[in-house]
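Novice: If you're matching them up, the sequences are chains L and W in order. Numbering of the first sequence is given in our numbering, commencing with residue 1 and proceeding in unit increments. Numbering of the second sequence is given in our numbering, commencing with residue 1001 and proceeding in unit increments.
Some clues are possibly wrong.
Simulated coverage check for chain W against chain L, where a stretch passes if three residues somewhere in it have a Cβ under 8 Å from a Cβ of chain L [as the list claims (entries may be wrong)]: (1) 1037-1044; (2) 1052-1061; (3) 1064-1070.
Below 27 Å or equal to it, Euclidean Cα-Cα: the simulated DSS-like pairs (lysine-lysine) are [stated by the list, open to error]: (4) L:LYS883 to W:LYS1026; (5) W:LYS1026 to L:LYS884; (6) L:LYS433 to W:LYS1052; (7) L:LYS611 to W:LYS1026; (8) L:LYS620 to W:LYS1015; (9) W:LYS1026 to L:LYS282; (10) W:LYS1026 to L:LYS673.
I should point out that these hints are in silico values taken from the structure, not numbers from a laboratory. Heads up, the beta-carbon is just placed ideally off N, CA and C, and yes, glycines get one too.
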Amino acid sequence: MSQPFRLNKEGLINRNKKISFTFNGKKLFGYEGDTIASALIANGIHLVGRSFKYHRPRGFFGAGVEEPNAKLQVEFNGHSEPNVNATEMELVEGLSATSQNCWPSVNFDIGAINNFLKMFFPAGFYYKTFMWPKSFWYKIYEPFIRKAAGLGVASIEKDKERYEHKFEYCDLLVTGSGPSGLASAYAAAKNGAKVILAEDKPRFGGTLLTDDVSIDNLSGKDWAEKIITELKSMPNVTVKNRSQVFGYYDHNMLVMFERVSDHLEKKSKFTPRQRLWYIRAKETILSTGSIERPIVFGNNDTPGIFLSAAAKEYMKVYGVLVGKKPLIFTNNDSAYETALEFKKNNVEPIILDTREELSSELIDEAKSKGIDIRFSHGVIVANGYKKVKSAKIGKLNKDKNSFEKIETVDCDCICVSGFWTPSVHLASQSGNKLKYEERIDAFIPDKKKQHETSVGAANGSFTLEESLKNGFENGSNLSAKITDTKTEIAIPNVNEKKYGAHDKFWCMPLPKNENPKRFVDFQNDVSVSDIEIALREGYRSIEHVKRYTTLGMATDQGRTSNLNGLQLVSNIENKIVPEVGHTTFRPPFTPITIGTIVGREVGMEYMPTRKTPMHEWHEKNNAVFVDAGAWKRPRYYKQGNETLFEASKREAKNVRENVGICDVTTLGKIDIKGPDAAEFLNRVYTNAWMKLPVGKARYGLMLREDGIVMDDGTTTRISENHYHMTTTTAQAANVLSHLEYYLQIVWPELNVNVVSTTEQWAGAAIAGPKSRDMLSKLYPDLDVSNDSLPFMGYKEADFFGVPSRIFRISFSGELAYEINVKSDHGMFMWEKMMEVGKEFGNQPYGTEALSTLRIEMGHVAGPELDGRTIPSDVSLNGLVSKKKDFIGKNSLGREAFNVESRQKIVGLIPIDRKSSIPEGSHIVQDQNAKLPNPKLGHVSSSCWSVENNNPFSLAIMKDGKNMIGKKFFAVSPLKNKSIEVEVISSHYVDPEGKRVRS
Amino acid sequence: MLYIKCPYCGFRAQKEFSYGGDATVKRPNINEEVSSEDWDNFVYMRKSPRGKHIELWQHIAGCRQWIKVQRDTATHEIFQTAKVTEEIR
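The following block holds chain L by itself, in its conformation from the complex:
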């Protein structure tokens, strides 16, 4: 159980707690505080995956978000997740990780044959190769590419984890807890500002954890701990680790991804796995630090090649050596710290420095410790297939384009440093135009669009002293503007080593006749030659080069490759980098799970469920529900083994013959009050409203300004200045907004108020020839005769002790009433109706029977009022006043609305009187005509007419009523049906409307 690459005491891991896990089936262990990467390296495992295109062996390269290679399929806590970054995922007991994109195994991968066929896989390979023949794309090329380009495998199991969203507001959001972030947060907190400090790693402190520095005589790590402890104790500060701010959106809204419990072995049922934070910050400090970039050389993707800072982090944070015979390949001083750290742990490194011999604090220290330093040197090509074994190194001539001397040295790892790139992703996302900073050969933020300030390394300040000063000043100034308080803080004394100048060197030349792959982008397998091809083929814009080569387009977003790619393009093009420009940075900065984006809005919580007060009764009585917007409505009440068709026929027939009740609570209800209410209704509806007496209802039709029917419903005058409007279930919210628009903006002089009362009233319709008999039993003391309560009449009366409203209105075309009581009394009303209605053969009916009843009566509803029809299209022109103005009136005169052949409503019956006509069928003259077969109209609503015992449909058809008596075909290619139909009137039952008035 020994770990050959684990140091004896270094690191911040908990050596008292061992954690066992498996990698590709092999049982291993690590310690609490390890990542999958650090534990595998401790065990001497470097080969973790195969590359995307060539299936080349790949190992770890970084130690955090910058990692381009080590993406694993990880199973833990009962779920399987693809593309997990091994350098970020913390080890948990029982975790099982497997390599991706290799078959049959990572050690022997058949796809690696691509590596030997690489001359056939250049940049733009997909575009060139899979273009022809066209017919091959769908069946051969696409499946092949999908299979070959596979990363991990998404689970098909339902995700049982809990994810949450949180909305937060703060004065200052600080993104990153390195020295400048800590200083900013501390200064702002001391000024009394509400501060959120976010750190993506488990440990706070950033580079303070790995750099050999001291602040106020404390080590960097201890100082960070002291500041964090104090921040945590302050009530105005929220400190979050494992939290990545990944997106900067409009108006200073930032989104953060928190890994709440992925690192926990046990957690409560209610602990979310991950949480998404929407943070609205008055000011944002971007202390996101910088990422080391590599130098490009031959076979630079071989396992065992690391960024030099990552190698140092493995030693200092995890107590792990990435190798015991390291080559350090650098163009700057920072890699000397890695070399010194190796030396401290009794490992002898060789430093290859591309610079000519020079002196600096770090170089001198390395020299004094006897480290082998070779100036003007670099790695030409790494040898070894699954792991670095040696390297061909060369002494560069003065121009650095050829070699004075070439030799081979043994090594088991290469730590490379090509200087530092500020992480400007969030700044760029916020709209900040970046500028190229010659001093550090990288982009830094420039002109702000939003309230953001980059500090420290993210702003190009690479010394601790400058970063701290930068952080304290900005944190203090920005927060003082918000809190009006300024607390003086002494800037601490700093002890750090001064760096010498770095070398503007980024890609090793190759000796003649050697042509190893030199990768720029590891994750997408983009090499120097790919970029050269793209440029040779005429791609000039960096955005085009990016898309053609896929440089920087992988999930690591080119964190280690973008700048080297730009340098390469600028060299070949002979332009300076700022002229080449940079590609766009987009959120998310790191991949986040779909579960987090969705949050709790899954399943039943996807949207609110609206239930009527009678819902429980429907449930108990075998109602099968249908969604009507957010509402649940009974579609039918199932008896025995009935089908939908049988049940709805039974329910509808019972209404025509006896009496039925229907829950109509879901109809939109709007209370309209004010002295100008009648005038307002007169403008909103197409028909006349000035003379409606108190105690009467009227059917009304409202249009949009373009003349299209918007909604219909009845409105009742409750008292002099008080009206009760009903809308369709679907349009309730739109109609309210529509009314508010006209009252607030167009006619503010009208003294009218509107408010939704949909949820205040429970409603039940009583319909059928026996409904009056039933009503008289429900209201024994009330005169419900046709004279006292005529069609479109209204009464208020006591319903077994509760106040109620009775409207004599009908949707079914039968003699019918609608009773409204306060919602709390809805269930009482319903149960009373069921009890009293027994002797009349009363049965509840659902929306399916309701539709049947209205369709055979020719009453229009949603399918006919589909946003394309004007009143005359649906035979409602009788409701359109010629005398007064109303919303949309001026549009009705438009030429196209008045042509004779316009599509209008008709009825259809099948010639065989048996075949049901599918809704959505097209009406055509000749079912066998050549395509495109001219369409004469469409079937909008279909039912089985219970009155005539055969199918009946409504249709919107060219020439409308002029077609009555003619025969056509209703064809539905979807259902593979073609039915011969005859056009009849849309009013199939009781065309004179006698029943509703009886």
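Please build the complex by placing chain W on the supplied structure of chain L, with the hints as guidance.
Specialist: Relative to chain L, chain W alone:
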């Protein structure tokens, strides 16, 4: 997500509002003759400017008031918000 200052409720997230189009369009007066051209302009014709735009929003998940918002259509910057009865200059 925009951050909109409702003149009645204060700053609220965009998801509480619904967009209502160009606020400078004026509906022809009711009961008054209007030429087809003027009517068509009112119903159909809208400018789609890049830059400053005065528009209507309704605070549907709040006070339900329609408000005016002056916004840059390219950058989403909001310069001013006002009640519909107030002028935005």
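Novice: Compare the structure with each hint and give your call.
Specialist: Each hint tested on the structure:
1. Counting residues of the region 1037-1044 of chain W whose C-beta lies closer than 8 Å to any C-beta of chain L gives 4; at least three are required, and the coverage claim holds.
2. Counting residues of the region 1052-1061 of chain W whose CB lies closer than 8 Å to any CB of chain L gives 3, which reaches the minimum of 3, so the coverage claim holds.
3. Given a C-beta distance limit of less than 8 Å, the hint that chain L covers the region 1064-1070 of chain W holds, as 3 residues qualify and 3 suffice.
4. Between LYS883 (chain L) and LYS1026 (chain W) the CA atoms are separated by roughly 24 Å; this keeps the pair inside 27 Å, and the hint holds.
5. A C-alpha spacing of about 20 Å is found between LYS1026 (chain W) and LYS884 (chain L), which places the hinted pair at or below 27 Å, so the restraint holds.
6. Taking the CA atoms of LYS433 (chain L) and LYS1052 (chain W), the gap is near 21 Å; set against the 27 Å cutoff, the hint holds.
7. Taking the CA atoms of LYS611 (chain L) and LYS1026 (chain W), the gap is near 40 Å; set against the 27 Å cutoff, the hint is violated.
8. For the given pair, LYS620 (chain L) sits about 37 Å from LYS1015 (chain W) by alpha-carbon distance, which is inconsistent with the 27 Å threshold.
9. Distance check on the hinted pair: LYS1026 (chain W) and LYS282 (chain L) sit about 36 Å apart at the alpha-carbon level, beyond 27 Å; violated.
10. This hinted pair checks out: LYS1026 (chain W) and LYS673 (chain L) have alpha carbons roughly 26 Å apart, not beyond 27 Å.
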